[in-house]
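J.: Listed in order, the protein sequences are those of chains A and B. Under UniProt numbering, read the first sequence as residues 1 to 338, first letter to last. Under UniProt numbering, read the second sequence as residues 1 to 338, first letter to last.
Calculated directly from the structure, the hints in this document are not laboratory data. Some clues are possibly wrong.
So the derived label-pair ranges between C-beta atoms look like this [to be verified]:
1) B:P204 <-> A:Q299: 48 to 58 Å
2) A:Q208 <-> B:E215: 43 to 53 Å
3) A:R137 <-> B:A107: 23 to 33 Å
In silico BS3-like links for lysine-lysine, alpha-carbon gap of 27 Å or less [what the hints assert, rightly or not]:
4) B:K26 <-> A:K156
5) B:K292 <-> B:K121
6) A:K26 <-> B:K156
7) A:K311 <-> B:K26
8) A:K31 <-> B:K161
Small disclaimer: the values here were computed from a predicted structure and weren't measured. Beta carbons: idealized from backbone N, C-alpha and C, even for Gly.
There are 2 protein chains.
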Amino acid sequence: MNQTISKKVVQLSHGGGGKEMNHLIKDLFFKAFDNPILRSEEDAAVLHFNGDVAFTTDSFTVAPLFFSGGDIGKLSIAGTVNDLAMMAAEPQYLSCSFIIEEGFEIAKLKTIVESMAKELKQSGARIVCGDTKVVPRGCADGLFINTTGVGRILQKGISVKSVTDDDVIIVSRDIGRHGAAILMAREGLTLDSELTSDCATLWPIVEQLIAANIEIHAMRDATRGGLSAVLNEWALASDVEINVHEEAIPVCDEVRGLCELYGFEPFDLANEGTFILAVPKKSADATLEIMKRFCHCEQAAIIGDVNQNRKGKVILNTPWGSTRYLDLPQGELLPRIC
Amino acid sequence: MNQTISKKVVQLSHGGGGKEMNHLIKDLFFKAFDNPILRSEEDAAVLHFNGDVAFTTDSFTVAPLFFSGGDIGKLSIAGTVNDLAMMAAEPQYLSCSFIIEEGFEIAKLKTIVESMAKELKQSGARIVCGDTKVVPRGCADGLFINTTGVGRILQKGISVKSVTDDDVIIVSRDIGRHGAAILMAREGLTLDSELTSDCATLWPIVEQLIAANIEIHAMRDATRGGLSAVLNEWALASDVEINVHEEAIPVCDEVRGLCELYGFEPFDLANEGTFILAVPKKSADATLEIMKRFCHCEQAAIIGDVNQNRKGKVILNTPWGSTRYLDLPQGELLPRIC
Numbered sequence: 001m002n003q004t005i006s007k008k009v010v011q012l013s014h015g016g017g018g019k020e021m022n023h024l025i026k027d028l029f030f031k032a033f034d035n036p037i038l039r040s041e042e043d044a045a046v047l048h049f050n051g052d053v054a055f056t057t058d059s060f061t062v063a064p065l066f067f068s069g070g071d072i073g074k075l076s077i078a079g080t081v082n083d084l085a086m087m088a089a090e091p092q093y094l095s096c097s098f099i100i101e102e103g104f105e106i107a108k109l110k111t112i113v114e115s116m117a118k119e120l121k122q123s124g125a126r127i128v129c130g131d132t133k134v135v136p137r138g139c140a141d142g143l144f145i146n147t148t149g150v151g152r153i154l155q156k157g158i159s160v161k162s163v164t165d166d167d168v169i170i171v172s173r174d175i176g177r178h179g180a181a182i183l184m185a186r187e188g189l190t191l192d193s194e195l196t197s198d199c200a201t202l203w204p205i206v207e208q209l210i211a212a213n214i215e216i217h218a219m220r221d222a223t224r225g226g227l228s229a230v231l232n233e234w235a236l237a238s239d240v241e242i243n244v245h246e247e248a249i250p251v252c253d254e255v256r257g258l259c260e261l262y263g264f265e266p267f268d269l270a271n272e273g274t275f276i277l278a279v280p281k282k283s284a285d286a287t288l289e290i291m292k293r294f295c296h297c298e299q300a301a302i303i304g305d306v307n308q309n310r311k312g313k314v315i316l317n318t319p320w321g322s323t324r325y326l327d328l329p330q331g332e333l334l335p336r337i338c
Numbered sequence: 001m002n003q004t005i006s007k008k009v010v011q012l013s014h015g016g017g018g019k020e021m022n023h024l025i026k027d028l029f030f031k032a033f034d035n036p037i038l039r040s041e042e043d044a045a046v047l048h049f050n051g052d053v054a055f056t057t058d059s060f061t062v063a064p065l066f067f068s069g070g071d072i073g074k075l076s077i078a079g080t081v082n083d084l085a086m087m088a089a090e091p092q093y094l095s096c097s098f099i100i101e102e103g104f105e106i107a108k109l110k111t112i113v114e115s116m117a118k119e120l121k122q123s124g125a126r127i128v129c130g131d132t133k134v135v136p137r138g139c140a141d142g143l144f145i146n147t148t149g150v151g152r153i154l155q156k157g158i159s160v161k162s163v164t165d166d167d168v169i170i171v172s173r174d175i176g177r178h179g180a181a182i183l184m185a186r187e188g189l190t191l192d193s194e195l196t197s198d199c200a201t202l203w204p205i206v207e208q209l210i211a212a213n214i215e216i217h218a219m220r221d222a223t224r225g226g227l228s229a230v231l232n233e234w235a236l237a238s239d240v241e242i243n244v245h246e247e248a249i250p251v252c253d254e255v256r257g258l259c260e261l262y263g264f265e266p267f268d269l270a271n272e273g274t275f276i277l278a279v280p281k282k283s284a285d286a287t288l289e290i291m292k293r294f295c296h297c298e299q300a301a302i303i304g305d306v307n308q309n310r311k312g313k314v315i316l317n318t319p320w321g322s323t324r325y326l327d328l329p330q331g332e333l334l335p336r337i338c
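Produce the entire structure from the sequences given, and follow the hints as far as they go.
T.: This is the structure we're talking about:
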């Protein structure tokens with residue numbers, strides 16, 4: 001192992017643009033993310049495209065860095081890959097930028113980088129350019145990662161504005177796991193049964209939906225703001241009422257329990273591998289059939305439909321027969337969830 | 001002015017994915033960066049390309065956020081635009097991701113965002129997607145910005161590997177200004193004459209060089225690691241000796257003075273609007289003629305040439321007739337320079 005790496009913690013000189021930074025980049029990042037474009041070492045990666053391309057960015061500041069079901073590395077890949085996937089774009093190329101606090105353990109950084117490399121394999125995306133900054137102790141909380149992705153769009157027309165009153169709303173799995181897992185990690189809670197984050201790369205599922213020619217109207221992963229944020233955004237942007245049934249929305253017992261304990265709603269909790277679809281009623285069965293082939297989508301379910309009554313609103317039908325508005329979450333639920 | 005914005009400091013809820021975040025994004029970021037692609041509000045921006053595209057990322061953690069000649073906003077645009085320009089790529093689209101410390105003044109954020117919007121005009125690049133994270137007090141030092149850029153490549157073949165022994169080495173202006181300006185701001189120094197950072201968008205100059213069909217072999221902005229880092233990278237990657245003359249390298253009196261005071265070398269100091277070119281000898285005059293049309297390149301100069309003697313090495317010829325290796329900077333010069 002290289003001398004610089006074996007010093008065990010990241011030092012300010014690792015971000016200085018000199019010899020130490022070169023060692024860190026070559027011994028750690030290039031080894032984990034190796035590919036011909038990354039190796040070119042120019043100021044920018046050279047890519048080739050013909051046609052429409054999706055472009056998306058995300059900075060990850062999750063605390064703690066390691067949680068049940070993932071870590072910041074897995075999250076930073078799945079998150080950006082999922083943003084591309086939600087546009088029906090093949091996740092092809094990612095940039096990756098680290099902001100590291102002086103004193104951060106190299107061993108931890110290595111674990112995180114390996115976790116990124118592993119998650120990249122789920123979609124076939126490649127990291128083709130990067131940046132490393134080291135800030136003095138106390139100027140950042142351990143590690144922040146930005147990933148920005150580009151990929152060619154395979155199916156056009158998917159949009160927050162395209163939800164119609166002939167659509168059904170489908171959720172890919174039980175909701176609220178990522179928010180609950182972070183809450184649990186932060187509060188040092190242990191539950192009898194294991195609650196893990198849903199953190200996952202969604203591209204393999206989306207790829208199958210596209211291959212089956214499912215006419216997807218809208219598709220979004222329910223990250224910060226949870227299911228509520230996605231549905232409210234769609235209702236407003238598409239100028240429709242979205243009508244969902246609480247009983248149809250899958251929520252696991254652990255998430256339900258934590259929500260009761262802390263006064264949260266599962267609809268507002270963040271997810272990191274759960275997505276919502278609006279597809280025409282006639283495509284609903286085919287969509288569900290494809291989704292359920294994937295183990296984390298076994299609970300995929302139709303949770304509601306769309307009409308023209310109270311445009312811009314999301315209506316939640318409770319198990320007791322009453323209805324209420326499902327609003328956009330307000331205030332601070334859980335900081336640094338992603 | 002919107003209620004949320006008038007609260008005057010950024011709160012954790014501004015990063016929560018709910019109403020407050022929507023207000024911050026729409027009232028501040030969308031207003032400053034307005035364009036049709038950004039307004040689409042999908043998970044990713046949709047772009048169109050035919051051909052080769054450059055892709056580059058940079059996270060900016062500069063301290064202090066405001067310095068003589070610029071601020072983190074100007075820097076975050078010029079830096080990424082310049083990385084594209086150095087690949088002869090037209091800076092077209094940028095993503096922009098903010099990590100903001102809770103309690104950061106909205107007024108300061110607004111100044112920085114306006115500075116970004118102003119610098120974008122220098123190249124015509126547009127911010128088409130973004131991300132906002134707010135971390136609790138003490139978890140970041142004010143503000144970090146990541147920008148990632150894509151743009152079509154207008155001239156191929158520019159590479160760290162393409163320097164030949166028929167080339168001359170040109171520097172676009174006096175070196176070391178950005179590093180010196182940051183040092184000055186950090187130490188609270190005031191000099192008799194004003195020293196400003198060289199922070200600037202280089203695309204307009206590069207665009208003219210391309211338009212004039214200058215056969216550029218290598219081109220790099222001398223950021224972290226300064227002139228030394230660029231020349232050493234080229235000497236190694238192109239397997240040549242680069243021979244530079246200290247007297248030919250423009251350095252202003254203020255930078256020279258600060259270097260003497262702090263024991264730095266101007267060659268090692270960071271620049272943020274200064275670039276180095278390797279062009280064939282026969283193109284040198286035409287290159288300089290074009291560069292000198294731009295006010296900040298009036299001092300553009302040939303500083304050296306290339307040979308096959310000590311391959312991989314950079315030789316500095318001092319004014320006293322001696323020679324020495326100009327090495328890659330080692331250790332920590334100035335943390336958080338960009």
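J.: Next, verify each hint and record whether it holds.
T.: Do the hints match the structure? See the list:
1. Evaluation of the 48 to 58 Å hint for P204 (chain B) and Q299 (chain A) yields a pass: the beta carbon distance comes to about 56 Å.
2. Distance hint check for Q208 (chain A) and E215 (chain B): the Cβ-Cβ separation is about 48 Å, which falls inside the suggested range of 43 to 53 Å.
3. Between R137 (chain A) and A107 (chain B) the beta carbons are some 29 Å apart, a value that agrees with the proposed interval 23 to 33 Å.
4. In summary, the hint linking K26 (chain B) to K156 (chain A) is supported, as the alpha carbons are separated by about 26 Å, within the 27 Å threshold.
5. This hinted pair checks out: K292 (chain B) and K121 (chain B) have alpha carbons roughly 21 Å apart, not beyond 27 Å.
6. For the hint pairing K26 (chain A) with K156 (chain B), the CA-to-CA distance comes to about 26 Å; that is within 27 Å, so the pair holds.
7. Between the alpha carbons of K311 (chain A) and K26 (chain B) the distance comes to roughly 21 Å, so the proposed pair stays at or under 27 Å and holds.
8. At roughly 21 Å between alpha-carbon atoms, K31 (chain A) and K161 (chain B) fall within 27 Å of each other, so this suggested pair holds.
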